[in-house]
Every structure is written in C-alpha cells, then in structure tokens.
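*Asks:* Add chain G to chain P, keeping to what the hints say.
Single-letter residue listing:
Number of protein chains: 2
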Amino acid sequence: MTDSETTTNSRTADVGSKGRSAAWTLEGPLVRDLSERVLVNDLIAISNDRAGGLRSAVDVVIGPGDDAAVLRSKGPVVVSTDTVVEGRHFRREWSAPAEVGARAAVQAIADIAAMGGAPTGVVVALGCPPDTPAAVVRSLMTGLAGAAAGFGAPVVGGDLVATTQVVVTVTVIGDTAGHSPVRLDGATVGDVVAVSGPLGGSAAGLELLGRGEHEPSALVAAHRVPTPRWAPAPRVHWPSMVPTAMTDVSDGLWSELRTMATASSVAIRVDPERIPQPPQLDEVARRCGVDVATWVLEGGEDHELMATFTGSVPAGWSVIGEVVDEEPGDVVVTDDPTGHHGWESF
Amino acid sequence: MTDSETTTNSRTADVGSKGRSAAWTLEGPLVRDLSERVLVNDLIAISNDRAGGLRSAVDVVIGPGDDAAVLRSKGPVVVSTDTVVEGRHFRREWSAPAEVGARAAVQAIADIAAMGGAPTGVVVALGCPPDTPAAVVRSLMTGLAGAAAGFGAPVVGGDLVATTQVVVTVTVIGDTAGHSPVRLDGATVGDVVAVSGPLGGSAAGLELLGRGEHEPSALVAAHRVPTPRWAPAPRVHWPSMVPTAMTDVSDGLWSELRTMATASSVAIRVDPERIPQPPQLDEVARRCGVDVATWVLEGGEDHELMATFTGSVPAGWSVIGEVVDEEPGDVVVTDDPTGHHGWESF
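Here the protein sequences line up with chains P and G, keeping their order.
Every letter in the first sequence is one number past the one before it in the UniProt record's numbering, and letter 176, counting from 1, is 176.
Every letter in the second sequence is one number past the one before it in the UniProt record's numbering, and letter 5, counting from 1, is 5.
If we strip away everything but chain P, and leave its shape as in the complex, we get:
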C-alpha cells in the first residue's frame, strides 16, 4: 500500500493504474450510438488485421461476416468454450479492456493445448452494456485478437449483445494435426507428474491489486493476462514424450490434480518444494502474510499445462510428483498440514 491508508472505499478507488480505469471511459460514441453493422464491421476489420500474415489463416475458408465461419481441418476437431465475467474474473479498475480480451483468449486456447491441440480459429460472443464506449469494445477485441494471433489463431466470427455486465465468451476450434488427443484420464501408476511453468503468479497478482499495490509488476501482470510457457500444439512438438494425461491449471493445481487422479483412477503424490514459482513469490507472500502454498496449490488461472509422462518430460517442464498406486482419486501433498482446494465458479 502506498499513500492511501484511509477507508476501504478510497483504497479500492485508488487501486489499479489510472490508465486502466480510464481505458474503460474513452471518448467518442457509445455502443448504443452506432448501428450494430458499423460496430461489427469494425470488429471484423480488427480481427482480420490482427490475423494478417498468420500461417493458420490459410485454414480459413470463410471468415467473419457470413452466417458462420468455415475452417479447414486436419483430422478431428477440438472445441472448448470459456467465459470471462466482469466483477467475477476481472475488475475495470484493475484490468484494461485489451487485457480482458487477451485473458479471455489465452484461457480458452489453453483448453485446446491441454488436449495436445493447436487452435485454428476463435469465435467470440461479447456482451456489454449499451453505454460502453465503442472504443472500449474495439480495444477489447484488439487485445483478444492479438493474443489469439500469438497462438496462431484468427478470430473468425462472433456475436455482439447488450448485457448489464461485460461478459466475454471465447470458443476455440483446433485440431491435433491427426495425432490422438491427450485425455484427462490416462495417468498411469509410475508416471511422473510435471508442469510447464511457474504457478501462483496470478493469485499473488490478485492479492496485490486488492491491496492497491502494483509491485512486483510481473505478478500483477500475471493476473491481468496469463502468459503460460507452453507453445501451441505441444503434442506435435514432443513426438517422443507424449503425455499420458494432460490439463491446464485453471482452477488451481490441487483441484486439477484431484480431477485428473479421479478421472484416471489413480493417486498422485506431489512435493510442493518442486513446484516452480515465479520470482519473488515467497517474499511477496511473507509481506502479505499469506502461506505461499495457498497461491501455488490453489491459485489457479496461471493456465500452465500439467501432465503425466511415462519417461522424460519436455525441456523447460518441472517434475513435481508421481502417479502412485494408492486410493484412487487421492492427491497427497507432502508436508501439507491444511486441506487445500481449488476455485469454485459460484
């Protein structure tokens, strides 16, 4: 906390950079002032611009503007849908519109990666209040389409509706380039359990924003837009190291381990000492008076991949535990005195 120690309200109002709050109140016409056609055409132009030069854009047979989009596919189609809601997943004071859009894209694409797939196209259902500045909607779509393009996926369609909160539903279409998809239920006794990158950064960033703090900036940024370390189509990139089971860490590591252990009818042992953390996480946890294990095991929203492997793991991944022949569905965290658990949507 910096200069405001007064009331909760003034602290909240002070939270976040002014730039981010201001990004929701841009000058110019409101959404309700424009014809839907004009605004939708703007969003299509933004989508096409961000997708420009994408390798995967050659897979777009029919892009935005028709009743539906048409994508070429290499084998079975992978599809997942994910929603970001104002007040629940983000606050206007803490995240700019472009960050909200980028976050919605990353978390939806992570589900395709978790099947060993790469995204080929994205459709967006965007709900916002009619008094939202049109420039805010454009900014959100710019962030969303830019993040999707970073994973090789163009925005190929969408729907724009009037809602009381900002609600962004991103549905991602992808494929596994003909390989078998990696399921949740294939973990086998003897496998090692590994993660693709550090965990706990998003939860720490949320705590910092709640306290009106903005440093370390990397942790705050990790909450605004997750930047997981996997590349798209991991299945394709590791021909000799196929995961037996995989998911992305969206609801917290402990919760995801439980889900995988239950689906696979195995138990999993995890050593929290081996779970990679972003820099300064321990120090920030001490400062905030938080058990760092809470962030690392329960935080969620980092969207790194967690997978089980029969032998070696891909470069950059960290082994954090093993699949064991104990009570099916059990997750045993070494030296964990508390009953950790994950994120609930309600």
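Everything labelled a hint here was simulated from the structure, so no lab data went into it.
For clarity, every value in this text was computed on a predicted model and none was experimentally measured.
Just so it is clear, CB atoms sit at the ideal spot from N, CA and C, and this is done for glycine as well.
Treat the hints with care, as some may be off.
What the hints assert, rightly or not - Some but not every residue of chain G turned toward chain P, in silico, with C-beta under 8 Å:
1. 72
2. 79
3. 80
4. 83
5. 157
6. 163
7. 183
Unchecked claim - To spell it out: a stretch of chain G is covered by chain P in this simulated footprint if at least three of its residues, at any positions, have a beta carbon under 8 Å from a beta carbon of chain P; those stretches are:
8. 63–69
9. 111–117
10. 165–175
*Replies:* Showing chain G alone in chain P's frame:
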C-alpha cells in the same frame, strides 16, 4: 388484454402463464449451494441423456468432462456462436427455462443450416445468478440439449459462470459433408429468392405476450421457441437445387435481404403478397392495430432460411421475389410505402 386494465406494472406482472414464471422459482438447492463439480456433472448427464441414440453422436471422440471436446469431421468445419440474454431476448414471465434453452440452440444451429451444413456438436457457456435454483439450470439445459438433439447435435462441452442476468451462449460446430458451403455473397441477377417457411410469427407472439394475451397459442409458441421448417443439412438434401446464396432470417427479412444484396452486389425485388405467413397472422395484426407487413418484413427471430436459386426451389419453399440488375444493395419491396428495417442488438 383480458382482465387487467389498471397500470402498466400490474399488466406486466399479469403477463405470461403462471406456469412459466413458477418454472424459474423451483424448490431445492440454489446454484451457489452446490459444488460446481456436482452441478456440471448433472448437466453433462443431461446432455448425454438427450444425445442418447443420436446418429451423430458416433462423431463424438471425446465428450463433455475433459478440457475440450473432440469431434470427427467430414471436411471443413462450420462454426457459429449466438447468445440469448435475459431481459433482451426473453423474459422469465414469458418463457420457461427449457424454452430459453431450446431457443438458444435453434437460433445457433440455424446459422450452420444457413451455410448448407448440419451440426455435429454444441458447446454451451451458461451464465446465471448464484441464487438461481439448480433445477432451473437443469431445466434450461434439458431444453437446450433436447432441441440440439432434434437437429442431430449432442452437447459436448460447456462452461458455467456466475452472472447478474441469465446469459446463454451456444456455439455450434458442423460440417457440409464435403460439399461447398453456401455463402451470403453468391446471389446472381436472374435468381429467384425463396424462404423455407412462414415469417412474422415470432414478432406477433412477442406483441401478444406484451399485451398479456396467449392466443393464438401457435404464435406465442413461435416467439418462445422458433420452429423453422428446414431440416438440418439442407445443402445435402437438395443436390440438384443448390442455393447460390443463403442466410437465416434472424434480424428480419428486410434486413437479411439488404445484407445479402449488399454482399452479392445485386438488387433484390420482393413481393410481400408472396411471403408466407403463419395462420391467423392478418387477423391478429388487425386486432392489435399493427401493419402485418411490419411483422413479416421486420420481425426476425423466425429463423427460417432465405436463399437464392438459379432455377427451381426445394419442396415446401416459397418464391418471394427475384434478384435484379438494379442499384447494388437495394431491396425493393413492391407497394411498400414505409422504410422498413431490421433488428438492432443495441
């Protein structure tokens, strides 16, 4: 209007059958009382139950419960997303949860049909207030999955989030069984313009509900759940009558004609006398003091298909006009004294 001529408020409260209002306040636990996992598993069970025996379910490689669903595909993938919002597209007094779910499915699947495709799978992003009865969410999903199954499509995945309004985003995946998709921009001078079924029923039903009237019930039902007359995969069913351009009538016929004419750089002439209407539409319009052409030309939400053909049209379709060599983008309605226009989302 029947027995309540008092104030606007009491009329509104009186509107709709009691059964439909009551369907939103069912007994039992609320969404926030259940663990997300329990409720999601319920919804998956409902989806699987409704999809039972579906021919297309053999195309499901991985269904709900993993990070993403995987569907077999026959050629290019058709995808579209569509949202239904409480207070904007439906009211709790006028539509039961199952009707809202069914409507969301039908309107999203219509976009796949409009490309000449058949749906192979559906994903659902469902937002609702935490104090919604869990039974309401189950009912909505039952209606949605049942309607999708009617078109041959199983619900293969979803996301459940807390929102202040009920917001249902349905994304449909489909294919054209290897045929070329039917675009919006292929209408050619000399083509006939035809529609797959009667228009104006949904708009009339909305007007009746607003007046607290429930007869004719077929018109009221047409607003609650559109029942367009096309079968899935129309492109496949008319091998000798391929549309040159096609769309579904979601925003009103006039608006869709404008969009098609503009995309195809042609003009379209329409004779309103030839547009099919549901039974009793003229009589109800007179009773309501509404120009029936407003419902037929601007009503929207009937989700019948509108297409252009080089020669004959499929059985059951009605020719309503022709593509002419006049000012590109123009839609000329014979004997139309007013400037009709379509539905705007804001």
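*Asks:* Count the residues of the stretch 111–117 of chain G whose CB lies closer than 8 Å to any CB of chain P, then report whether that count reaches three.
*Replies:* Held - the stretch 111–117 of chain G has 5 residues with a Cβ nearer than 8 Å to chain P, which meets the minimum of three.
*Asks:* Given residue 79 (chain G) as an interface hint, is its Cβ closer than 8 Å to any Cβ of chain P?
*Replies:* Holds, because the Cβ-Cβ distance from residue 79 (chain G) to chain P comes to roughly 5 Å (cut-off 8 Å).
*Asks:* Would you settle whether the hint for residue 183 (chain G) is holds or violated, based on the nearest Cβ-Cβ distance to chain P being less than 8 Å?
*Replies:* For residue 183 (chain G), the interface hint holds, since the closest Cβ of chain P sits about 6 Å away, which is under 8 Å.
*Asks:* Closer than 8 Å between Cβ atoms is the bar; does residue 72 (chain G) clear it against chain P? Give me holds or violated.
*Replies:* Hint holds; residue 72 (chain G) Cβ to chain P Cβ min 5 Å, cut 8 Å.
*Asks:* Double-check residue 83 (chain G) for me: the hint is only fine if its C-beta lies closer than 8 Å to a C-beta in chain P.
*Replies:* Where the cut-off is 8 Å and the nearest Cβ of chain P is about 5 Å from residue 83 (chain G), the hint holds.
*Asks:* Closer than 8 Å between Cβ atoms is the bar; does residue 163 (chain G) clear it against chain P? Give me holds or violated.
*Replies:* With a closest approach of 6 Å, the residue 163 (chain G) hint holds.
*Asks:* Can the hint on residue 80 (chain G) be confirmed by a CB-to-CB distance to chain P that is less than 8 Å?
*Replies:* holds (4 Å)
*Asks:* Verify the interface restraint on residue 157 (chain G): the C-beta must sit less than 8 Å from at least one C-beta of chain P.
*Replies:* holds (6 Å)
*Asks:* Check whether three or more residues of the stretch 63–69 of chain G sit with their beta carbon closer than 8 Å to a beta carbon of chain P.
*Replies:* holds (count 5)
*Asks:* Taking beta carbons only, do three or more residues of the stretch 165–175 of chain G come closer than 8 Å to chain P?
*Replies:* Result for this restraint: holds, n = 7.
Violation of the numbered hints given earlier is absent; every hint is satisfied by the structure.
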